[in-house]
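Asks: Please work from the sequences and hints to get the whole structure.
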Amino acid sequence: MNNQFFNHKKIDGKWQKKWEQDQIYKASNTSKKPKMYVLSMFPYPSGAGLHVGHPRGYIAADVYARLKRMQGFNVLHPMGYDAFGLPAEQYAITNGIHPKYSTAKNVKTYQKQLEIIGLSYDWSRKINTTDEDYYKWTQWIFLKLYNHYYDHKAKKAKPISEIEGKFAHLSQKERDTELMKYRLAYEGYSEVNWCEELGTVLANDEVIDGKSERGGHPVVKKVMRQWFLRITDYADRLISGLDTVDFDESLKTVQKNWIGKSFGHELDFKIEGDSGDIENIKIFTTRIDTLSGVTFMAISKNHKLIIKNSDKFYKIINQTKAWGDDERDIKIKKGVLLENVYAIHPDTKIKLPIFVTNYVLSDYGFGAVMGVPDMDERDNDFAILYSIEIKQTKLEESESIEKRLGLKKVFKYKIRDAVFARQRYWGEPIPLKHDTDGHIIELKEKDLPLKLPKVTSYEPIGSGESPLAGVKSWVKGGYETNTMPGWAGSSWYFLRYMDAHCKTAPVSKKAIDYWQQVDMYIGGREHTTGHLLYARFWHKFLYDIGLTVTEEPFKALRNQGMILGDDGQKMSKRWGNVVNPDDCINIYGADAFRMYEMFLGPFDSQLPWSTDGIIGTRRFVDRVWRLSQVIEEQNKKNKNIKTDIQLISKIQKVIRKVTDDIDGFAFNTAVSSLMILLNDFEEVIQNKKEINQLDFINFIKLLTPFAPHITDEIWSVFKNKNSINISPWPKYDETKLVENNIKIGIQINGKLRGDIEVNSTKSESEILDEAKYVVKNHLEGNVIKKTIYIKGKIINFVI
RNA sequence: GGGCAAGUGGCGGAAUUGGUAUACGCGCUAGUCUUAGGAACUAGUUCUUCACGGAUUGAGGGUUCGAGUCCCUCCUUGCCCACCA
1 MNNQFFNHKK
11 IDGKWQKKWE
21 QDQIYKASNT
31 SKKPKMYVLS
41 MFPYPSGAGL
51 HVGHPRGYIA
61 ADVYARLKRM
71 QGFNVLHPMG
81 YDAFGLPAEQ
91 YAITNGIHPK
101 YSTAKNVKTY
111 QKQLEIIGLS
121 YDWSRKINTT
131 DEDYYKWTQW
141 IFLKLYNHYY
151 DHKAKKAKPI
161 SEIEGKFAHL
171 SQKERDTELM
181 KYRLAYEGYS
191 EVNWCEELGT
201 VLANDEVIDG
211 KSERGGHPVV
221 KKVMRQWFLR
231 ITDYADRLIS
241 GLDTVDFDES
251 LKTVQKNWIG
261 KSFGHELDFK
271 IEGDSGDIEN
281 IKIFTTRIDT
291 LSGVTFMAIS
301 KNHKLIIKNS
311 DKFYKIINQT
321 KAWGDDERDI
331 KIKKGVLLEN
341 VYAIHPDTKI
351 KLPIFVTNYV
361 LSDYGFGAVM
371 GVPDMDERDN
381 DFAILYSIEI
391 KQTKLEESES
401 IEKRLGLKKV
411 FKYKIRDAVF
421 ARQRYWGEPI
431 PLKHDTDGHI
441 IELKEKDLPL
451 KLPKVTSYEP
461 IGSGESPLAG
471 VKSWVKGGYE
481 TNTMPGWAGS
491 SWYFLRYMDA
501 HCKTAPVSKK
511 AIDYWQQVDM
521 YIGGREHTTG
531 HLLYARFWHK
541 FLYDIGLTVT
551 EEPFKALRNQ
561 GMILGDDGQK
571 MSKRWGNVVN
581 PDDCINIYGA
591 DAFRMYEMFL
601 GPFDSQLPWS
611 TDGIIGTRRF
621 VDRVWRLSQV
631 IEEQNKKNKN
641 IKTDIQLISK
651 IQKVIRKVTD
661 DIDGFAFNTA
671 VSSLMILLND
681 FEEVIQNKKE
691 INQLDFINFI
701 KLLTPFAPHI
711 TDEIWSVFKN
721 KNSINISPWP
731 KYDETKLVEN
741 NIKIGIQING
751 KLRGDIEVNS
761 TKSESEILDE
771 AKYVVKNHLE
781 GNVIKKTIYI
791 KGKIINFVI
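Throughout the first sequence, residue numbering follows our numbering, covering 1 to 799 in sequence.
If you are wondering where the hints come from, they were derived from the structure by calculation, not from laboratory data. There's no promise every hint is true.
Derived lysine-lysine pairs resembling DSBU-like cross-links, with alpha carbons at most 30 Å apart [unchecked claim]: (1) Lys394 - Lys409; (2) Lys108 - Lys126; (3) Lys105 - Lys9; (4) Lys653 - Lys785; (5) Lys158 - Lys334; (6) Lys211 - Lys334.
Computed Cβ-Cβ distance ranges for the label pairs, DEER-style [said to hold, decoys possible]: (7) Lys18 - Arg623: 54 to 62 Å; (8) Gly165 - Lys222: 31 to 39 Å; (9) Gly576 - Ser457: 22 to 30 Å; (10) Asp22 - Ala556: 26 to 34 Å; (11) Lys14 - Lys222: 42 to 50 Å; (12) Asn741 - Thr550: 32 to 40 Å; (13) Arg404 - Gly276: 48 to 56 Å; (14) Ser310 - Gly165: 35 to 43 Å; (15) Phe263 - His501: 43 to 51 Å; (16) Lys454 - Ser262: 47 to 55 Å; (17) Lys637 - Ile742: 31 to 39 Å; (18) Glu551 - Ser310: 45 to 53 Å.
All values derive from a computational prediction rather than experimental measurement. Every residue gets a Cβ at the ideal spot worked out from N, C-alpha and C, and that includes glycine.
Replies: What follows is the structure, encoded as structure tokens:
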């Protein structure tokens, strides 16, 4: 070992191979050590492969996992692939290649890219959501959702069989219909986000500004048969559970706002005039106290008053058709007055005009609003546009209105039940059959997995139905032709890692009892209202049915900031600013790359990438390498070197700093303090002093979570057995600290005028006298009115 | 429109939470070595000034012996949600 440069090409691979051979990162499900489950959000392997932004979260999780392992935890740190979903299917349509093969290829690429980074995964637990052994259990969970309902009194899910008796007197068809109103996975007809280009329905969070998240195709509303998950039943628990987890406060707020719980009252306004069977307009309001200011009613164009009287209101239907399908897009308020129909104010009995408007959402509350232009800005805008009376509101205690009109307090939520069906091929088949009467039959557990059949074409068939509807045997068997959405497999994968090969359940009782939940979850903020909410929902359901042992899946969550291109734009092929991690690792080595990703800046900040900077951490790696050789030489000659006590003291401080920083996800400052410590080591060597190997080992141990390859190599050159990666973490020892002479500033009236060396042997008056002497020019001819001396920090003379 | 962040050298960013602003790294300048270039190493590098000195954390004000940090007003940028009754 006489090289000036660290030979990463040889050494990185050597250790990666050895770690895998010795299985040093394998987690034990029976260990007596304290457990620690550290999880990175698993990737969707796209054809483009990883860019340098992706590994940031993986490396951070890995650094954290490595620290915990060295601190003596039994660490579970797994990785896998989320491989069902649209892009693979789009690729299949364009290229005629089965998604199974294209995703397998992508997974292979990702696997290679991850391996060369040197991440400490327990690969024996690798999962892939498209494996039959995996999606068998996704289907199993779906069936559990299907045959459970939510008991709002007990606040938990219960078997549907418990309420079947209630409907025993009904015909099977009627009974099916009634029970469907309770099931947590249910079939319904609903207006959904339909994307013609993709030929499928999308969830709300997959639609951005009326366009599909993937591809940016137009999305319109369409009524279709769908499967839904009743996430709304869990809305309250999804809010209250946030108080028990260690997530970023702003992320909790986003989830709370997404669920959108609000408190208010429901109230019926009687209708007079030509309104067919409809007698009332039901509204929800959070401001019942403004009732006296109501001067009109506003309803959405899809309100039942219009729909059920389409013959009477055909003109209005035609007029409002052109308003656009997405009410969220509207900029200018529009309205049409209903003729010959009035609503009656419950107190004054005054006739109120009814308008069909574009600013009332059809899918929130009852799609109807009481218009209070005096108090509500939106109602005010509308009233001015349509010359509606604006009446001064007399606020009234809501309790007295409640009593007078017999109203009850109610809660409303913004969150909708989640559409759980895609008219697509590349997803988990829904394990249900429809018999000829339309009765639904569940598949039995022994018949799972219901495997995806082969198809000849991946295009959705004309009606917008899934390609499965074109498979004769499938349709003949009565199988459901919808498949599950992309987020099905990712809603429970963290449980599967606990027991990746369990044959009898999604996860065995023994494994869940041991691992409990994810202790530290690391991923991007973009999953806040999608995956993260769905996973919490499924986990709570699985808790209700006794499969999991905690209410929440993730005890703590940390979000990484996005890495931008060096032009400050999002990294993408479109801008030509994509940097590939493989190239960086090939040139600079995994350790330099890992350190640079962590050193770039605060973990949760968005940061521009600059490949130029890696040279800095690469130089650091080389300097550590050279220093290790010098120290080895010194220690060969003399076994009992006494290291400079100042340096030992500095090492102790860095032990504390690096430990605290990794715990607090302040990786950038941990790396910088390691750089400072290296500078200190080199200064000692330059001064022709010697360093004991054991003190240097403390330093390389602190470096190990960031740069595990070079530290393991040095560790073995120093003739240590096993891997440094499973050696004990250094302990901070306060007794080894020495007090230095420190320089403190001398201020006059708060302005810095000089400095002074102090140490513990000098008394306060000695220090102050000396300080006065140092700044005597500034003090000349002035009286010191006040002296402030903060020990070890500052002296301030006020004149 | 609402909510949440954040504004510090040429650049990415530090600052023990009110106590010497600009740590660490990139880049740049000079030097050593080299036929040369590169690499490596050494020294320097907030601005202004020949220098002594002076100024400086988006702008302005305030509290304090002392403010990047706390308070008020404003400006700018980023992200998320956007007619949720």
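Asks: Return holds or violated for the Cβ distance of aspartate 22 and alanine 556 against the range 26 to 34 Å.
Replies: holds (30 Å)
Asks: Next pair to validate is lysine 211 with lysine 334; report whether the Cα-Cα distance is within 30 Å.
Replies: This hinted pair holds, its Cα atoms lying about 23 Å apart.
Asks: Does lysine 334 sit within 30 Å of lysine 158, going by the straight-line distance between their CA atoms?
Replies: violated (46 Å)
Asks: Has the hinted range 42 to 50 Å been met by the Cβ atoms of lysine 14 and lysine 222?
Replies: Cβ of lysine 14 to Cβ of lysine 222: about 58 Å, so the range 42 to 50 Å is violated.
Asks: State, for the Cβ atoms of phenylalanine 263 and histidine 501, whether the hinted interval 43 to 51 Å holds or is violated.
Replies: Distance hint for phenylalanine 263, histidine 501 holds at roughly 48 Å.
Asks: Does the Cβ pair lysine 454, serine 262 satisfy 47 to 55 Å?
Replies: holds (49 Å)
Asks: Is 22 to 30 Å respected by the C-beta to C-beta distance linking glycine 576 and serine 457?
Replies: violated (35 Å)
Asks: Is the distance from the Cβ of arginine 404 to the Cβ of glycine 276 consistent with 48 to 56 Å?
Replies: violated (29 Å)
Asks: Hinted pair, alpha-carbon criterion (30 Å max): lysine 394, lysine 409. Please report holds or violated.
Replies: holds (21 Å)
Asks: Does the structure keep lysine 105 and lysine 9 at a Cα separation of 30 Å or less?
Replies: holds (25 Å)
Asks: Using the Cβ atoms, figure out if serine 310 sits within 35 to 43 Å of glycine 165.
Replies: holds (40 Å)
Asks: Verify the proposed pairing of lysine 653 with lysine 785, using a straight-line Cα cut of 30 Å.
Replies: violated (38 Å)
Comparing the model with each earlier hint shows violations of hints 4, 5, 7, 9, 11, 12 and 13; every other hint is respected.
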